[in-house]
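Undergrad: Listed here are the chains, written in short residue letters.
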Amino acid sequence: MGKEKTLQNKRTNKFRQFLPFYLMALPGAVYLICNNYLPMFGIVLAFKKLDITKGIFGSPWCGLSNFEFLFKTKSTIQIIRNTILYNLVFMLLGTVLAVMMAIFLNEIRSRKLSKLYQSLILIPFLMSWVIASYLAYAFLAQDVGLINKTIIAAAGGKAVNWYMEKKYWPYILTFCYIWKNIGYMMIIYYSSIVGLSQDYFEAASIDGATKWQQIRSITLPLIRPTIITMLILSLGRIVTSDFGLFYQIPKNSGALYSVTQTLDVYVYNALMKNSDFSMSSAASVFQSIVGFAFVLITNAVVTKYSKENALF
Amino acid sequence: MKSKDDLKWQVISNTVLALFSLAALLPFILLVVASFTDENWALANGYSFFPGKWSTQAYSYILQNFSMVGRGYLNTLLVTGIGTFGSILLTSLFAYALANDKLPGVRILNFLCIFTMLFTGGQVASYYVWSNVFHVRDTYMALILPNLMMNAFNVILVKNYYKTSIPASLLEAAKVDGASEFGIFLKIVLPLSIPINATIGLMTGLAYWNDWVNGLYFLTARKGAGLFTIQLILNQISDSISFLQNASGSATAGIKFPAATARMSIAVAGIIPVLIIYPFLQKYFVKGITVGAVKE
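Protein chains in written order, with this note's numbering: chain A, 1 to 312; chain B, 1 to 296.
Some hints could be false.
Calculated lysine-lysine pairs in the PhoX-like style (CA-CA distance at most 25 Å, straight line) [to be verified]:
#  : chain 1 : residue 1 : chain 2 : residue 2
1  : A       : Lys14     : B       : Lys8
2  : B       : Lys223    : A       : Lys112
3  : A       : Lys115    : B       : Lys8
4  : A       : Lys211    : B       : Lys4
5  : A       : Lys112    : B       : Lys8
6  : A       : Lys112    : B       : Lys4
7  : A       : Lys14     : B       : Lys175
8  : A       : Lys10     : B       : Lys102
9  : B       : Lys4      : A       : Lys14
10 : B       : Lys223    : A       : Lys14
11 : B       : Lys163    : A       : Lys307
12 : B       : Lys223    : A       : Lys251
13 : A       : Lys211    : B       : Lys8
Think of the hints as simulated: they come from the structure by calculation, not from any bench.
Treat the numbers as computed from the prediction; the structure is a model and nothing was measured.
Please take these sequences and the hints and turn them into a complete structure.
TA: And the structure:
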């Protein structure tokens, strides 16, 4: 009997000991449940013919017909292609440029200049895409834009209706992406280069290696893990696009959709502009399931080849 | 030979970085100059780095109708302040529980957290839940709660900080002295984790300051316009310049509305606060970027 009592005491003691921790975790856990887990159940939306008056559970099931509709639409493949291709171009071009600039930044002798370059190149990253779209507009506006009114006019050319002409947009969007994100990426690689031991470089320069040789055979191999981690992170997000870039910069212009619309923009337009729950939820669920698969696959591949770079 | 190689690299590096710096800066200069350009000159000659006629017309127009921009600033400050404070509170408390290895069920909590980084319900389901279950549409909560308040990534950063930077012996000693767990958290853990909280707080604050997506989804121009932040006002003007015209009301109905330059001056109003605080916080921004990228 006495033994039982101490056991019970021990239990209440243990509960009392840990209760504060559960209380501390509670607000965060509630937030994750509301913000992240409830929407996971919302995935059933994609398999229902939603009737707003009946809610999710009252609406009839419709199997895969939402997805059938989605993939029967011609533009769907185009939208998926845009999403993936832009991401690949951004990954490759972004990485090459950012690594190059990080190496150049590391060569700068003057600390003041190095700080100044970093500060200036990072500024676009701190601005929202809405602001970026105003900046782009100042250059591209048909009637008052700098390019049409000053550059093309000076060259005696014909004004271009930028927000209607598809062929320029892959370049414009890539430029804007690089312009806004290059500072961020450069700083990540720069911090990785700064962290390398100076011994290698000193030994190499004593042996008479040129800067270029040092970069090629010391810097690049040593920052390879960082590059791989960054690439994996972006590969896991290959079906997710930067909504702001593709929505704000082309000003959601319908004439440009075939080259500017990505999954996130399509989901927004279908849901908010056309109130099309079935198509938008099918596209959105496609995005989350394929995204999940990509995260798992890339992580599995990395675990196999270099375990220390794995994410989980 | 060697110094020649060195000189060559100095020249190339400086040139390339100077060019990229210039490219980062030039659009902002054009924006500011455009906002100080005379409206008629701008309409005839376009935005330019060297306008033929300067004017503060756009700004005096905005000052006359300051209620809209002022309200936008107020909303932005309110949302950024409450959101960032809530985010730090939620994140640091949750991370503290996760950092306790002896807590029964801590693995489940950990999984609950990490799984959100791998799988999401998608934008449509998230929209449905926030608007039809929690009814945040056209309220301040719409700008504060969805997506921005807490994320698994920050939780893990803070948890790792607790584990590596706060000595366990300190916590033990406090417990021996009879301090409660909440007391320990408030008096020891929070003060010691100011650096990490400042870092994630800065990035979260920037995210709230710059956010327009929540407003785009959850605020309607008809019922939610009073809640518009600076970013949302800019987004609305970008959609239709008439929003600016209507919002300024009848008081100035007689004056010609300087559409081309006024939009630029409001965009300037949107970037000025960030540009002003940036030089003081520059190194923390850099830290905020690198703290997540470096794997321990």
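Undergrad: Please go over all the hints and tell whether each is borne out by the structure.
TA: Verification of the hints:
{"no.": "1", "hint": "A:Lys14 - B:Lys8", "verdict": "violated (68 Å)"}
{"no.": "2", "hint": "B:Lys223 - A:Lys112", "verdict": "violated (50 Å)"}
{"no.": "3", "hint": "A:Lys115 - B:Lys8", "verdict": "holds (21 Å)"}
{"no.": "4", "hint": "A:Lys211 - B:Lys4", "verdict": "holds (11 Å)"}
{"no.": "5", "hint": "A:Lys112 - B:Lys8", "verdict": "holds (20 Å)"}
{"no.": "6", "hint": "A:Lys112 - B:Lys4", "verdict": "holds (23 Å)"}
{"no.": "7", "hint": "A:Lys14 - B:Lys175", "verdict": "holds (15 Å)"}
{"no.": "8", "hint": "A:Lys10 - B:Lys102", "verdict": "holds (15 Å)"}
{"no.": "9", "hint": "B:Lys4 - A:Lys14", "verdict": "violated (71 Å)"}
{"no.": "10", "hint": "B:Lys223 - A:Lys14", "verdict": "violated (51 Å)"}
{"no.": "11", "hint": "B:Lys163 - A:Lys307", "verdict": "holds (23 Å)"}
{"no.": "12", "hint": "B:Lys223 - A:Lys251", "verdict": "holds (23 Å)"}
{"no.": "13", "hint": "A:Lys211 - B:Lys8", "verdict": "holds (10 Å)"}
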